[in-house]
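Go ahead and model the full structure; you've got the sequences and the hints to work with.
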Amino acid sequence: DGGITQSPKYLFRKEGQNVTLSCEQNLNHDAMYWYRQDPGQGLRLIYYSQIVNDFQKGDIAEGYSVSREKKESFPLTVTSAQKNPTAFYLCASSPTGESTEAFFGQGTRLTVV
Amino acid sequence: AQRVTQPEKLLSVFKGAPVELKCNYSYSGSPELFWYVQYSRQRLQLLLRHISRESIKGFTADLNKGETSFHLKKPFAQEEDSAMYYCALRGYGQNFVFGPGTRLSVLP
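Heads up: the sequence lines are chains L and W, in that order. My numbering applies: residue 149 is where the first sequence begins, and numbers increase by one. My numbering applies: residue 18 is where the second sequence begins, and numbers increase by one.
Misleading hints may appear alongside valid ones.
[To be verified] Some chain L residues close to chain W (C-beta under 10 Å, calculated; not the full set): (1) S155; (2) R192; (3) G206; (4) I208.
[What the hints assert, rightly or not] Have a look at the derived ranges for each label pair, beta carbon to beta carbon: (5) W/N81 - L/I199: 40 to 50 Å; (6) L/E217 - W/K82: 15 to 25 Å; (7) L/L175 - W/N81: 25 to 35 Å; (8) W/H67 - L/F236: 40 to 50 Å; (9) L/I208 - W/G33: 18 to 28 Å.
Please keep in mind that the hints were generated in silico from the structure rather than gathered at the bench. If you're wondering where the values come from, they're calculated on a predicted model, not measured in any experiment. Here a beta-carbon is modelled for each residue, glycine too, at the ideal position from N, C-alpha and C.
Next comes the structure, spelled out in structure tokens:
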């Protein structure tokens, strides 16, 4: 079954702990993205990567970190520095080049208590 | 700067009525524009893109560069169209910039 898989679907963490969200794709896409989805704010870009071993900050990168050691994987770590981490996180991937769409995972809902 | 605006947070129409979801963008070059839809309990998925000029599920969208708009239209709304709709732009750096979204509610 091809596509993007995010795990887990729900995640609970205590305040002050780092947590890593998984995103894996088997679509052979070069580009991968992490978005945060909050009610009324749409999707805001956290980090994106156009190629293995390279990534760029998006609009709200503070308090987050990523790695791109493999083409298929783009994990996101929510650190204790993120002031308001409770949110719905979406991972996406796309081929590079013109007229290509982004494909999304099912999302991970992170709740920090 | 790249920005996408969707002025309506919520749009309610009756079944069979026309619907128009507004989208405006700011971008200095030639953008690629998309409409994404998120049905209840489903993942975000592409509805249509401006470059393909196609109609999907009865929806169409025309890019108006003069007005920097990419409004989504459907002549006769159906109850199954109720969903969250996001307008998106792909520009510098090849990343996707999304608007805040409009929730469409089609009433019976």
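Verification of the hints:
1. S155: 14 Å, violated
2. R192: This interface hint holds because 8 Å falls under the 10 Å limit.
3. G206: For L/G206, the interface hint holds, since the closest Cβ of chain W sits about 7 Å away, which is under 10 Å.
4. I208: Cβ of L/I208 sits 13 Å from chain W, so the hint is violated.
5. W/N81 - L/I199: 40 to 50 Å: 34 Å, violated
6. L/E217 - W/K82: 15 to 25 Å: Given a distance of about 41 Å, which is not inside 15 to 25 Å, the answer is violated.
7. L/L175 - W/N81: 25 to 35 Å: 32 Å, holds
8. W/H67 - L/F236: 40 to 50 Å: 27 Å, violated
9. L/I208 - W/G33: 18 to 28 Å: This hint is violated: roughly 41 Å between Cβ atoms.
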